[in-house]
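S.K.: Going down the list, the protein sequences come from chains A and B.
Mapping to our numbering: the first sequence position 105 is 105, numbers consecutive.
Mapping to our numbering: the second sequence position 59 is 59, numbers consecutive.
Careful: at least some of the hints might be erroneous.
[Said to hold, decoys possible] Taking lysine to aspartate or glutamate pairs in the EDC-like style, the calculated list, with each CA pair at most 20 Å apart, reads:
hint, chain 1, residue 1, chain 2, residue 2
1, A, Lys-5, B, Glu-44
2, A, Lys-71, A, Asp-31
3, A, Lys-94, A, Glu-26
4, A, Lys-58, A, Glu-26
5, A, Lys-68, A, Glu-56
6, A, Lys-42, A, Asp-84
7, B, Lys-17, B, Glu-85
8, A, Lys-71, A, Glu-56
9, A, Lys-94, B, Asp-24
10, A, Lys-15, A, Asp-79
11, A, Lys-42, B, Asp-56
12, B, Lys-11, B, Asp-56
13, B, Lys-15, B, Asp-63
14, A, Lys-15, A, Glu-59
15, B, Lys-17, B, Asp-63
16, A, Lys-94, B, Asp-63
17, A, Lys-42, B, Asp-63
18, A, Lys-94, B, Glu-44
19, A, Lys-71, A, Glu-26
20, A, Lys-42, B, Asp-24
21, A, Lys-58, B, Glu-103
22, A, Lys-5, A, Glu-59
23, A, Lys-71, A, Asp-53
24, B, Lys-15, B, Glu-103
25, A, Lys-57, B, Glu-103
26, B, Lys-11, B, Asp-24
27, A, Lys-94, A, Asp-31
These aren't lab readings, by the way, just hints derived from the structure by calculation.
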Amino acid sequence: QQQVKQSPQSLIVQKGGISIINCAYENTAFDYFPWYQQFPGKGPALLIAIRPDVSEKKEGRFTISFNKSAKQFSLHIMDSQPGDSATYFCAATKAAGNKLTFGGGTRVLVKP
Amino acid sequence: GAGVSQSPSNKVTEKGKDVELRCDPISGHTALYWYRQSLGQGLEFLIYFQGNSAPDKSGLPSDRFSAERTGGSVSTLTIQRTQQEDSAVYLCASSLAVGSYNEQFFGPGTRLTVL
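Looking at chain A on its own, in the form it has when it is part of the complex (with noise of 0.2 Å):
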């Protein structure tokens, strides 16, 4: 059973453009909502997280939107850079014990 679903697998955007990537869950238990990103031959590392009670979270180039009644979230990367170009996670996971429930990945190419 797959509990977070991620879309889409890949992405292709121009410099300056913006990446949107979606996820949804299903267990209502999960109140933490964190983004990796990940470059080849390297680990996750956390990007941008995001609790329950806030809509909407902005670290710079990249916001969370949340959807609670919907059990959806999203990344939006704004004006993308070549450097962006990585795979993506989006997670979820329980107070208690803290182990993610990751969505399947996007990867994401930002062309100069």
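With the hints as your guide, set chain B onto chain A.
M.R.: Same frame as chain A, now just chain B:
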């Protein structure tokens, strides 16, 4: 050490052999996690440690997989009688403590190839 380290970075083994993968967490981090990343299954949780105990082993795919942590620091993931489907990147992460809001810091992973 600046971050989580894992060794070896790459491991090639023959089907049926046992392998040990090592993780050195960030100093002072009490929680340690193992994940597996494969093309078919994505990123999946295997096991986590709080100190030296493992409250959640639910992600271990079979009894061929085991893990231990000693001294609240280094952890070893052991795979016995390896199978080709075990081929994946095994990632270790650590966090200050267990709990949703504690960031997990990932190591670079060990790429395991079973021939």
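S.K.: With reference to the structure, classify each hint as holding or not holding.
M.R.: We went through each hint and held it up to the structure:
1. A:Lys-5 <-> B:Glu-44: holds (13 Å)
2. A:Lys-71 <-> A:Asp-31: Holds, at roughly 11 Å.
3. A:Lys-94 <-> A:Glu-26: holds (12 Å)
4. A:Lys-58 <-> A:Glu-26: With Cα atoms ~24 Å apart, Lys-58 (chain A) and Glu-26 (chain A) exceed 20 Å; violated.
5. A:Lys-68 <-> A:Glu-56: holds (11 Å)
6. A:Lys-42 <-> A:Asp-84: The given pair, whose Cα atoms are some 14 Å apart, holds under the 20 Å limit.
7. B:Lys-17 <-> B:Glu-85: holds (13 Å)
8. A:Lys-71 <-> A:Glu-56: holds (14 Å)
9. A:Lys-94 <-> B:Asp-24: violated (25 Å)
10. A:Lys-15 <-> A:Asp-79: holds (7 Å)
11. A:Lys-42 <-> B:Asp-56: violated (25 Å)
12. B:Lys-11 <-> B:Asp-56: Roughly 26 Å separates the two Cα atoms, so the pair is violated.
13. B:Lys-15 <-> B:Asp-63: With a Cα-Cα distance of about 16 Å, the restraint between Lys-15 (chain B) and Asp-63 (chain B) holds, given a limit of 20 Å.
14. A:Lys-15 <-> A:Glu-59: Roughly 19 Å separates the two Cα atoms, so the pair holds.
15. B:Lys-17 <-> B:Asp-63: Cα-Cα ~15 Å, so holds.
16. A:Lys-94 <-> B:Asp-63: violated (26 Å)
17. A:Lys-42 <-> B:Asp-63: Violated, because 28 Å separates the two Cα atoms, which is more than 20 Å.
18. A:Lys-94 <-> B:Glu-44: holds (15 Å)
19. A:Lys-71 <-> A:Glu-26: holds (7 Å)
20. A:Lys-42 <-> B:Asp-24: Measuring from Cα to Cα gives roughly 16 Å; hence the hint holds.
21. A:Lys-58 <-> B:Glu-103: holds (18 Å)
22. A:Lys-5 <-> A:Glu-59: Since the Cα atoms of Lys-5 (chain A) and Glu-59 (chain A) sit roughly 23 Å apart, the hinted pair is violated (cutoff 20 Å).
23. A:Lys-71 <-> A:Asp-53: Distance ~12 Å between Lys-71 (chain A) and Asp-53 (chain A) Cα, so the pair holds.
24. B:Lys-15 <-> B:Glu-103: With a Cα-Cα distance of about 36 Å, the restraint between Lys-15 (chain B) and Glu-103 (chain B) is violated, given a limit of 20 Å.
25. A:Lys-57 <-> B:Glu-103: holds (17 Å)
26. B:Lys-11 <-> B:Asp-24: Cα-Cα ~17 Å, so holds.
27. A:Lys-94 <-> A:Asp-31: Within the cut-off at roughly 5 Å; holds.
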